[in-house]
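Undergrad: All chains, please: the whole structure from these sequences, using the hints.
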Amino acid sequence: MQRELSHKKVGIPRAISYYNNYPFYYGFFTSLGIEIVLSDKTTTKIINEGCKYVVSDTCLPIKVFTGHVVNLLDKGCDVIFVPSIQSTGYKINNCSKIRGLPEIIRNVINRDFKMIEPTLDKTENITFKDFWKNTAGYFGITDEKVINNAIKSGWKVYNDFIAMTKSGIGYHEALENAINGKIVKKSVDIVKPLSVAIMGHGYNLFDDRISMNIIKKLEKMDVKVYTSLNVSHKDAVDSIAGIGEIQYWANELELTGTAAYYLLNNKVDGIIALSAFGCGPDSLMVDEMMYHCKETGMPLIHLTIDEHTGEAGFVTRLEAFVDMMMRKKRNLLNKQSAKTPKTAAEVVKIRNDKVLTGSAK
Amino acid sequence: MEKTNLAIDFEKNKMGNKIPAKDRIIAWPRMGRVDIPLKALLLSLGAKVVIPPPNSNEALEIGVRNSIEGICLPYKLNLANYIMALDKGANTLMMFQAPGSCRLGNYTKMAQKTLKSMGYEFDMVIFDMYRSKMKQTLHAFWHVTHCINPWCYYKGFSLGFNKFFAIDTAERLLFYTRPRELNKGDAEKCYNKWLKITDETNSVWKAKKLKKQIIEDFKKIPIDKNKKVPVVYLIGEFFVLLDPFTNQNIEKELGEMGVEVQRQIMFGDWLEHVLKPSIFYRKESHRERSVKYAKDYMKRPIGGECIETIGDTVYAAKHGVDGIIHISPFSCMPEIVAQNILPKVSKNEDIPVLSLVLDEQTGKAGYITRIEAFIDLIKRKKMRKS
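Here the protein sequences line up with chains B and W, keeping their order. Quick note on our numbering: the first sequence kicks off at 18 and runs consecutively. Quick note on our numbering: the second sequence kicks off at 323 and runs consecutively.
Honestly, the hints are just simulated from the structure, not real lab data. Don't take each hint at face value.
As the list claims (entries may be wrong) - Partial chain W-side listing against chain B, Cβ under 8 Å, derived:
#1 393
#2 580
#3 628
#4 659
For clarity, every value in this text was computed on a predicted model and none was experimentally measured. Heads up, the beta-carbon is just placed ideally off N, CA and C, and yes, glycines get one too.
TA: Right under this line is the structure:
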């Protein structure tokens with residue numbers, strides 16, 4: 018059924034699942050002796066290329082993905098890894114466009130290429146192992162021992178990556194170190210006056226072109242940024258339950274999970290929601306978060322991005338938000354300093370009132 | 323441990339029980355003519371019902387005002403229906419959900435939250451259409467009525483199903499007759515008459531005969547049998563297909579242009595397929611047919627009606643249909659995937675396809691112009707062929 022491929026080379030587009038799972042992909046494919054070809058980093062040219070193929074109503078990440086596939090084909094790589102991640106738990110499904118990624122790519126790009134399209138669907142009992150067995154099958158590898166070993170080495174790279182990001186190392190640095198087999202620990206934590214949590218999909222947030230470097234921009238404004246990478250899987254799951262919601266989307270942990278975690282532990286001064294225009298799941302998740310933020314008085318800004326988003330307007334909104342958080346914090350501090358705390362109970366109360374919280378970990 | 327507790331909580335949440343069964347006044351969101359059979363079912367279980375006013379610009383405005391910007395059109399109308407029903411005195415809202423398809427699974431959750439923050443007091447009863455559907459459905463209806471008489475259930479469900487089938491038959495005949503009728507407006511009149519009769523029918527025996535009577539009555543309308551009428555398949559998203567307000571009554575517009583419409587999704591058929599245990603359901607379901615025909619283009623269902631859309635297009639091309647009109651609400655995720663795939667299907671199978679995206683701002687004039695142009699194209703193509 019699955020054709021054996023003569024040359025063992027696989028192209029991975031730098032979009033969608035790349036941003037969350039690339040360490041695993043790297044470990045897995047390298048262990049099987051398959052060479053990985055990555056597409057170039059996202060540029061305006063790649064986005065425009067993608068826009069040519071898909072209909073205009075499609076969301077930005079899918080356009081970017083299509084652009085990356087075309088980029089890989091132009092590079093001469095004609096075996097492309099396009100996974101269809103349907104559900105990551107019983108009745109916990111992904112967005113239709115991510116589920117149907119191979120269907121879109123197969124039908125919009127009329128060129129000759131082979132697509133590696135394994136399915137992960139836990140609702141229909143297609144497990145994680147089946148997913149990778151299927152993938153290896155495309156390369157003619159059916160030996161279970163070899164596949165199990167590859168999965169193990171995939172997990173190793175992935176776990177290294179997660180361990181580093183959780184300690185506070187940035188995405189790109191952590192990824193580079195994980196791939197080189199190194200583990201770096203951050204020793205000093207810089208204290209900053211403000212801190213925010215960003216809720217957004219990895220493929221929007223860590224793509225420097227799509228997110229317009231939002232993390233660096235915020236850091237320049239002296240704001241400490243927390244993302245989904247700083248929250249462990251378990252914490253995210255627990256936090257969703259903690260605010261009384263039920264996980265519905267497969268990638269809800271990145272958004273609601275992260276935001277809820279920081280909302281519950283009072284660590285940040287505000288939440289930034291970053292989503293692509295016309296994103297179905299995001300529209301619901303951000304609204305859900307807005308509801309909870311309103312109840313607790315946490316500021317939240319919803320930034321929408323598409324292929325035309327101007328950088329100037331984007332920065333203005335960010336600056337206004339940061340200014341607002343600053344003013345709020347200063348007001349609170351002024352109020353508190355009028356009556357200096359005397360007993361331990363008062364100190365605890367102030368801490369709960371979000372005055373002394375924030376950047377210090 | 324914690325997780326199981328949560329799951330139980332969720333199950334409890336689905337069946338609100340603040341209000342005692344005898345005080346319940348039940349309402350549900352509108353979609354086309356779903357209100358007629360559901361009313362019959364609930365009335366025969368001894369419940370009191372409120373029917374929200376039909377979808378209109380006013381309803382849409384209420385919905386848009388109270389929901390978030392990015393959500394799809396069906397939710398906005400659903401929410402408006404709830405609000406209008408609650409204003410009319412309802413206190414129990416019923417809705418089905420199908421988790422794991424698209425945003426539909428989140429509708430009830432969102433609506434509950436929005437309505438609560440608006441200060442309404444109500445119970446929401448939700449039943450899954452995913453697994454063990456018949457059991458869930460029966461449980462939901464027991465929960466709202468506390469009716470224990472099995473005869474009432476038999477009467478209710480049989481009335482409901484027969485009314486669904488009657489309405490579907492009437493619609494199919496209306497689509498067939500409208501482009502061919504000699505006196506304009508006959509078919510429409512006949513359809514409206516039978517809708518009224520269907521609504522008023524109150525006995526199982528009469529309801530079972532409805533279908534035959536409708537067929538006979540439609541036969542009496544004088545039609546031009548030799549007229550060459552192009553056939554167009556209407557496919558796309560469930561709600562916009564079934565709700566004439568949302569799709570700007572596209573069936574009527576097409577019928578008056580002299581085109582026979584064949585809508586692929588009929589509520590009665592869908593309900594029969596979903597609720598009937600698979601042992602008794604012998605026909606090839608719509609989903610099975612679609613998966614079979616779509617296999618060259620799609621290898622897996624991805625939620626919503628995407629695979630049905632593709633499968634129907636291929637089926638239509640293989641069965642001599644002249645054109646496809648594909649309608650979907652703005653930002654509907656499965657239908658965007660379908661829109662991406664359709665150009666290739668259209669090219670490979672040689673069938674014209676028109677994709678229309680609807681939202682609250684769709685202007686009728688521009689919409690009709692595009693349909694007219696498309697119909698002209700089909701007619702010319704048909705003439706060239708014959």
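Undergrad: Verify the interface restraint on residue 659 (chain W): the C-beta must sit less than 8 Å from at least one C-beta of chain B.
TA: holds (4 Å)
Undergrad: Can residue 580 (chain W) be said to touch chain B, with a Cβ gap under 8 Å?
TA: Where the cut-off is 8 Å and the nearest Cβ of chain B is about 30 Å from residue 580 (chain W), the hint is violated.
Undergrad: Can the hint on residue 628 (chain W) be confirmed by a CB-to-CB distance to chain B that is less than 8 Å?
TA: With a closest approach of 7 Å, the residue 628 (chain W) hint holds.
Undergrad: Take the shortest C-beta to C-beta distance between residue 393 (chain W) and chain B; is it under 8 Å?
TA: holds (6 Å)
When each numbered hint is compared with the structure, a violation occurs for hint 2 only.
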